[in-house]
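Dock chain G against chain H, hints included.
Number of protein chains: 2
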Amino acid sequence: MWGFADTAFETDGNAIVLRSNRYENGGKTLDRFAPFVEQAVGIAFDPSDRHEPVTPFVPQPVQCDELIVMLSEVVGREHCTQEAQARLRHGHGHHLEEIYKVMYDKLDRVPDVVVYPETAEQVQGVLRVAERYHALVVPFGGGTAVTMALSCRGETRPVVALDLARMNRILWLDPESRVACIQAGAVGRSLEAQLRAAGYTLGHEPDSIEFSTLGGWVATNASGMKKNRYGNIEDIVLDVTVVTLDGVLSQACCVPRASHGIDVRKLIFGSEGMLGVIVEATVRVHQAPEVQFYGSLVFPTWQSGLSFMRQLSSWQSVPASVRLVDNLQFQFGRALKPGSASSLGATLQRFYVEKLKGIDVKQMVACTIVYEGYRSEQEALRSQVSALAKQYGGFSAGGRAGKDGYNLTFGIAYIRDFLLQYWTLGDSFETAVPWNRVNDVIAGVKAAVTRSHAEQGLRGWPFVTARISQVYQTGCCVYFYIGFHYKDARDPLQAFKEIEHEARVSIVENGGALSHHHGIGKLRAPYLAQIKSPLAIDWVNRITAALDPQSVLASGNQGVPGRK
Amino acid sequence: MWGFADTAFETDGNAIVLRSNRYENGGKTLDRFAPFVEQAVGIAFDPSDRHEPVTPFVPQPVQCDELIVMLSEVVGREHCTQEAQARLRHGHGHHLEEIYKVMYDKLDRVPDVVVYPETAEQVQGVLRVAERYHALVVPFGGGTAVTMALSCRGETRPVVALDLARMNRILWLDPESRVACIQAGAVGRSLEAQLRAAGYTLGHEPDSIEFSTLGGWVATNASGMKKNRYGNIEDIVLDVTVVTLDGVLSQACCVPRASHGIDVRKLIFGSEGMLGVIVEATVRVHQAPEVQFYGSLVFPTWQSGLSFMRQLSSWQSVPASVRLVDNLQFQFGRALKPGSASSLGATLQRFYVEKLKGIDVKQMVACTIVYEGYRSEQEALRSQVSALAKQYGGFSAGGRAGKDGYNLTFGIAYIRDFLLQYWTLGDSFETAVPWNRVNDVIAGVKAAVTRSHAEQGLRGWPFVTARISQVYQTGCCVYFYIGFHYKDARDPLQAFKEIEHEARVSIVENGGALSHHHGIGKLRAPYLAQIKSPLAIDWVNRITAALDPQSVLASGNQGVPGRK
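Here the protein sequences come in this chain order: H and G.
For the first sequence, my numbering assigns the number 418 to the initial residue and increments by one for each residue that follows.
For the second sequence, my numbering assigns the number 418 to the initial residue and increments by one for each residue that follows.
With the rest of the complex left out, here is chain H (with noise of 0.2 Å):
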């Protein structure tokens, strides 16, 4: 499951309540989210009515003792494992049907061994190990990923998870060129911590940041939610350092930007594992923000806070994070603030919107922004956008709405985990879109949802809501939740995955990308064909193949096939 161990949200066999000591209203009771789950999927929350997990099933490792002799004196045996929990963590990411067969179901197949390497070399070890005892070597940074990725399911050879948790330091940091290079197995939350106590921020900020590797976000081509200040992930790499079984990808200079030629290095962002094994990169770094501030917007439809939003990303400048939810997801923000519906806050706050500006509360739509900067550049900017916000009918609604907006993300998986022991089944998916498209890609994910919700015979009705966490000047990231009790479905998973595919086909129909941050891993592997043409598909393959010949890499990601 998800998360910090001290954190996750209970029922109090009435409320439900957010135990931690870790986040904002930890220890709260939170009186509205009930009764929201309730409305958002038809069907009565019962917080006594829990469905037990099961003991987690943890299939037996295939026979690969030489292997692991071998492995052992490549990396030490003390970090060379064949403990159960260690392969089952390693065995799945935090796709929803990974999280449901270990909490509901079982994993037929997870790793055989996990190594924890230390160096360049011990990783290059591994690999010529695993190339001679025709084993399967998965790398492994955080664990987070959605995609099945990580995921060895149907696989007969060994296989050995390379675990980069030893390789996470910060190697040296140039504060003239403001440039560091960092281990690829560094996690997101600490890495940040280490670089803010030198007064400096990376500023990638994935909703998984407190888990995810930098190794992982390259190899995912992953995007932050500040990446209009620091940019995406390739924006951020400068270089990589990839160990291969025949040698190490790696380049003399590090310079903002070149010419080199055929730059294979870009091969490496989306690889998912299959290139080789990313051991460190060089990124760039800004001095720590001199200013963070949040900000918070209200319109009155979904319409003119889209047109805000498509205005907004024409500017030279935009705040770090844009965010706009839809209605149902702004309700659903309110839901799990602690106290009630009737308190004099919420009246009264509902007064102010309804009465004095005019606004259907049914209708209107938010957006939550942050700033980080300079404080005159993000003063200024500040400015410019109140005065955009009003140009489509929209009013601030303060930066402490922000903040409880941004943040809200963070809690996501917490929620997942949580819903799923009381029979509601939910997962989040993202896309991107051209701005032509966006209604179009929206309209069709909630018809196809709903479409198939009802013919599965499903209880109750589903829960979809969709966000636009990231503008471009070309379009967006339109990021979707969706949910459905299950308590009486015949194959809760099987439906699941009905409703997920459907989604996925309106998206491709109507324009929408496949992915805009999460990647391909298996799960969207089957719908690459309607994505690139025939030509780019036996490119990649024809790649891997001249790349990793052995197929030491091929774990199906991507639907790359492994050696023939």
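Keep in mind the hints are simulated off the structure, nothing from the lab.
Don't be surprised by glycine CBs; every beta carbon is placed ideally from N, CA and C.
Hints may contain errors.
Some chain G residues judged to face chain H by a derived CB distance under 7 Å, without partners named [to be verified]:
hint : residue
1    : GLU593
2    : SER594
3    : GLY664
4    : VAL665
5    : SER667
6    : SER676
7    : VAL681
8    : LEU684
9    : ALA849
10   : GLN890
11   : GLY892
12   : ALA953
13   : TRP956
14   : VAL957
15   : ARG959
Same frame as chain H, now just chain G:
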């Protein structure tokens, strides 16, 4: 020679005159230019002592009649030519070595035939015919490459120049998503004019924009002068369509950003014609800017200007173009202005700078700035830039000086061709450098050029000047001009190549890139092993072998071997 037929620098037997109906200062006498050249290279400039160019030599084509019959069938007889001037024009780019050989020596090898296909199908037909007849195909855009990428010296196979001039249309423009699909042969100048007529801009403005093409920008991984506002070519291009022998590389959805696994399209950037023929690109466009204005700043020393540039690069928003020229280049710019050094205006300017501002004109450096975008945003930016400049001892020198400085770029190739005829050999080259090595790289180049010039016993002294032409958070692009008087050199071209080589070696030793945006071609291929690890080079060779097994496109760029 470079440029429009109606434009050239000339002498009236006495002073230097710019003949042009196109550019500012056309028809004016440039009194200060000849004295500047004298001072720059240490030899008297004699406007009556012209080095008369030879009648261009065009080598005989190799026998390939059947090939030509087949190519004519594909593209139509009128679009397939062996005409000598066409073959010559397609046999070189604009590196000094190539221009010198055309003017004073000879090119040993040029294409045997030039074809002008009109469709992607015709492009594929050309490739198929070439494969069947074991010919080399060299895609050709604007012919402005400065890396010998278009050279086919030493090639024994028949050589087909594939000119994309007829594939130059804007296919569609989506105003809502701000995306346009444009054929690769579109020339920057006319492409931008067409977009402007529709109210949009691409914003990509390389020095060569008047002649270079969209396809060429992708093939060389180009950078435009206004990249701070509009991005480099890899930021601008959302998608490319590439024709290969085996089919077409393309994508069904066109989104601002995606995580679609290994993205082979990234290999096309900087591919220099070796992986396929780029026939279309989908690009982001912007509404034509509400305002454009120039600015310029003067700083007392190089170091103060450099510190300003570095600090500015850490801002979220940086003016579209910011360039810093050293003192010598500043003087160069002034020497190109009509009027004499003792004119009233010039004297007053000097008085203002020296007496009122206390700046030594022999030390001062200048920064030229272009602002483009929304008025309120850009005016706020200008105030912030002024405030920052003050912190480093800088002050404004007005918009007019900024405009002149910016536009000087477009004249450089004309000046190069002019001076060549008056015994002065010169060229430019660039690199990218992290901030902490900028001064090392510049000092290294100046020392290397001076040393090599002296060692070769050349007369006078070398001209060598640097500017920062692009800034990034982590470093910048440094652009050099070098030149020397060559009348008494035994082998002027060899002397130049020796100097250029020494400069390049010094750049690499000091941590600079082989190129920021010109590319590798044949010129810089010998240095690749100093930049990339052996595996990185091996990967390029394996990949090109896998994707172009018959070496139809292997012209020797980047040292990629042809068919074994």
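Taking the closest Cβ pair, is G/ARG959 under 7 Å from chain H? Constraint on G/ARG959 satisfied, holds at 4 Å.
Holds or violated: is there a CB of chain H closer than 7 Å to the CB of G/GLU593? 4 Å, holds
Does the nearest C-beta of chain H fall within a distance shorter than 7 Å of the C-beta of G/VAL665? 6 Å, holds
Restraint outcome when G/GLY664 is required to lie within 7 Å of chain H by C-beta distance: 4 Å, holds
Less than 7 Å between beta-carbons is the criterion; does G/LEU684 satisfy it with respect to chain H? 5 Å, holds
Is the interface hint for G/VAL681 satisfied, with its Cβ closer than 7 Å to some Cβ of chain H? 4 Å, holds
So, as I understand it, the hint says G/SER594 touches chain H; can you test that by seeing if any CB pair is closer than 7 Å? Interface hint status for G/SER594: holds (4 Å vs cutoff 7 Å).
Hey, does the G/VAL957 contact hint survive, CB to chain H under 7 Å? Holds. Min distance 5 Å.
Given G/ALA953 was flagged as interface, is its beta-carbon under 7 Å from a beta-carbon of chain H? 5 Å, holds
Hint G/GLN890 vs chain H: min CB-CB distance below 7 Å? 5 Å, holds
Is the interface hint for G/SER667 satisfied, with its Cβ closer than 7 Å to some Cβ of chain H? For G/SER667, the interface hint holds, since the closest Cβ of chain H sits about 5 Å away, which is under 7 Å.
Is the shortest C-beta separation between G/ALA849 and chain H less than 7 Å? Hint holds; G/ALA849 Cβ to chain H Cβ min 4 Å, cut 7 Å.
Violated hints are absent here; each numbered hint is respected by the structure.
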